[in-house]
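K.L.:
As a plain string of letters, each chain reads:
There are 2 protein chains.
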Amino acid sequence: MAGTGYRVAIAGATGAVGQTMLSILEERDFPVRGVRLLASERSEGKTLTFRGEEVKVEKLTERAFQGIEVALFSAGASRSKTFAPAGVKAGALVVDNSSAFRMDPEVPLIIPEVNPEAAFQHKGLIANPNCTTTVTVMALKPLHDAARVKRVIVSSYQSVSGAGTQAIEELKQQVLAWAKGEQAEAKVFPHPIAFNLIPQVDAFEDSGYTKEEMKLVHETRKLLGDASMQIAATTVRVPVWYAHSVSVTAETERKVTVKEARDLFRKFPGLCLWDDPPKAQYPTPLMATGKDECYVGRVRHDLSSETGLNFWVVGDQLRKGAALNAVQIVELVLGVTEQGTGSCTTSN
Amino acid sequence: MAGTGYRVAIAGATGAVGQTMLSILEERDFPVRGVRLLASERSEGKTLTFRGEEVKVEKLTERAFQGIEVALFSAGASRSKTFAPAGVKAGALVVDNSSAFRMDPEVPLIIPEVNPEAAFQHKGLIANPNCTTTVTVMALKPLHDAARVKRVIVSSYQSVSGAGTQAIEELKQQVLAWAKGEQAEAKVFPHPIAFNLIPQVDAFEDSGYTKEEMKLVHETRKLLGDASMQIAATTVRVPVWYAHSVSVTAETERKVTVKEARDLFRKFPGLCLWDDPPKAQYPTPLMATGKDECYVGRVRHDLSSETGLNFWVVGDQLRKGAALNAVQIVELVLGVTEQGTGSCTTSN
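Residue numbers (the numbering used here), protein chains in the order written: chain Z, 1 to 348; chain D, 1 to 348.
Errors might be hidden in some of the hints.
What the hints assert, rightly or not - Here are a few chain Z residues that face chain D, going by a calculated C-beta distance under 8 Å: (1) 152; (2) 153; (3) 176; (4) 190; (5) 191; (6) 200; (7) 204; (8) 208; (9) 209; (10) 239; (11) 241; (12) 280; (13) 284; (14) 285; (15) 304.
By construction, these hints were calculated from the structure, which means they are not laboratory data. Small disclaimer: the values here were computed from a predicted structure and weren't measured. Just so it is clear, CB atoms sit at the ideal spot from N, CA and C, and this is done for glycine as well.
With the sequences and hints as input, model every part of the structure.
P.N.:
Okay, here's the thing in structure tokens:
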């Protein structure tokens, strides 16, 4: 089967993540025998290009998964709940990018570089973690393996593309309006995002935390297999197109020196150390955009604790934070091609 | 003297902070008998408007302070070191917004709402704190008084105006270039700032921390009179025009409930509680721009510690973070008008 390739479906194909899934399948030369692009009625009949050919978008229904071997979902939690079981029933390996099944104990939550072994316990369905969580955990994992991370404090700087294509358009329209001396309405976000910050990503829970902040708590624990890890997050939307950034304080059980941390980061697959302050070398969202790797820099001792480290991680959340990671999971489970990302272009 | 007013000089009058100082003197109806606007040779002969009259900008020299009773400095640390002593010698009360004298044990470092008593120990010169520090300490102070803050972790989101008028222009040019499908150079900042983040504010020290991050450590301790407070910061430049934001984790000696913290914040002069998540009410830089008060919201228990709180503070750093605070210091020491800011417009 691998010789001739797999029949792949993408549910939510016209969204920001769905489109990236399609281009990543192409970039990585994933063995595709046929691709079925699924979306809501609204997008039915649109076309997207795959390997030079136009592919029509079909309506997402339960029947659409007949004959499908790999199904990538990024159509929101409620559609995943409705349609992912149909994909599993049809015999497909389903990788779901929504939050619908992430905390289900029956469903593995996977970053291939972090917990690949858990992927093989799947029952047809594997969950792809939250984008900010993935970027953060890519740096926490090597520290945790070496010295056990006990406590994590994260402040995020999340790009608009994390809220979808309409959010990208909203920032664009607000900036273009500003250039003309006008004002454009906020519809996707609760406040203007151009030249502003919104300290709210997703809805609030009663505790005062947002769902996004709690995903970071719960999913990090599941990914690292450590329910005792103490985690708190503040997630903030920033006027950046692509790539999420996180400012992290991590306290470990034993003290990890900056040199050791840098070595751990440098060696971890999928993570690039980009940390040479005198040369103004540190990760920025612009440099990480379109890259497969997550970038870590500003590595230093936490001045407020004995065994803490502070660092700054940036990753393209449409790629490693979503579409790339989903495709990597499929590669891992099916044993096709490499699950790794390219090599780092950093010299330190 | 107060009846007829004071002879006031502003050193660095054409800068972002200097211009704001001038307009704040006017807004607050500070008793000014005459104003002398001082700047580098480059700005000599320019004019600025004060109370409807054009005032010529003169060259900043030692002689310029003859007859001056109040001198506000915001011309950079090296010019303050050179010229502030001349202001003191001329008998003026000098308030310096640069970092030149802040950590000098002979020089009080003052936020009028935080440590007014220390202002009266001045020997002619009072230092105005770093802008990010002021915004952060406005929220730390009531917590510290009530329950002693032991540890503080700050991630900042700092607007371009904190880097001066040229930085504002750089963001503007980069955004206008983007609108035309072009690219504009980065000169003021080491990387493009439009649609990007730069995790570097000011120069790096050998420790890997920036000077800005270390100002937050040292100045917070001096302002709160507690050298044992453990503080770590990550300071980040964001594509926002005005107002700095900080995501703060503060651990106190005894546990402070969210309700108590909100009450403490609500009652603290100059600080507005703006914290009603279901209504999407929390501080943003756009809403804080042009305001005298600092705004605090997103108040919640730190999920990663027993006695920690997480919150989000935003303040217009040209006003409370710089020019307003300097004028308030003068009002306090000279006993003229009120040092307070307006009342909050929040309903919670």
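K.L.:
Each hint should be assessed against the structure and marked as holding or not.
P.N.:
Each hint tested on the structure:
For residue 152 of chain Z, the shortest C-beta to C-beta distance to chain D is roughly 7 Å, which falls under 8 Å, so the interface hint holds. Look at residue 153 of chain Z: its Cβ gets to within about 5 Å of chain D, closer than 8 Å, so that hint holds up. For residue 176 of chain Z, the shortest C-beta to C-beta distance to chain D is roughly 6 Å, which falls under 8 Å, so the interface hint holds. Hint status for residue 190 of chain Z relative to chain D: holds, with the closest Cβ pair at about 4 Å, below 8 Å.
A distance limit of 8 Å between C-beta atoms decides the matter here; for residue 191 of chain Z the minimum to chain D is near 6 Å, and the interface restraint holds. Of the supplied interface hints, the one on residue 200 of chain Z holds, with its beta-carbon coming within about 6 Å of a beta-carbon of chain D, less than 8 Å. A least Cβ separation of about 4 Å between residue 204 of chain Z and chain D falls short of the 8 Å threshold, and the interface hint therefore holds. Below 8 Å, beta-carbon pairs count as interface contacts, and residue 208 of chain Z has one with chain D at about 4 Å; its hint therefore holds.
Hint on residue 209 of chain Z holds. Least Cβ distance to chain D is approximately 6 Å, under the 8 Å limit. A least Cβ separation of about 5 Å between residue 239 of chain Z and chain D falls short of the 8 Å threshold, and the interface hint therefore holds. Here the hint on residue 241 of chain Z is kept, as its CB sits about 5 Å from the closest CB of chain D, short of 8 Å. A distance limit of 8 Å between C-beta atoms decides the matter here; for residue 280 of chain Z the minimum to chain D is near 4 Å, and the interface restraint holds.
About 5 Å separates the beta-carbon of residue 284 of chain Z from the nearest beta-carbon of chain D, less than 8 Å, and the hint is met. For residue 285 of chain Z, the interface hint holds, since its Cβ comes within 8 Å of a Cβ in chain D; the closest pair sits about 6 Å apart. Interface restraint check: residue 304 of chain Z against chain D, minimum CB-CB distance 4 Å, threshold 8 Å, status holds.
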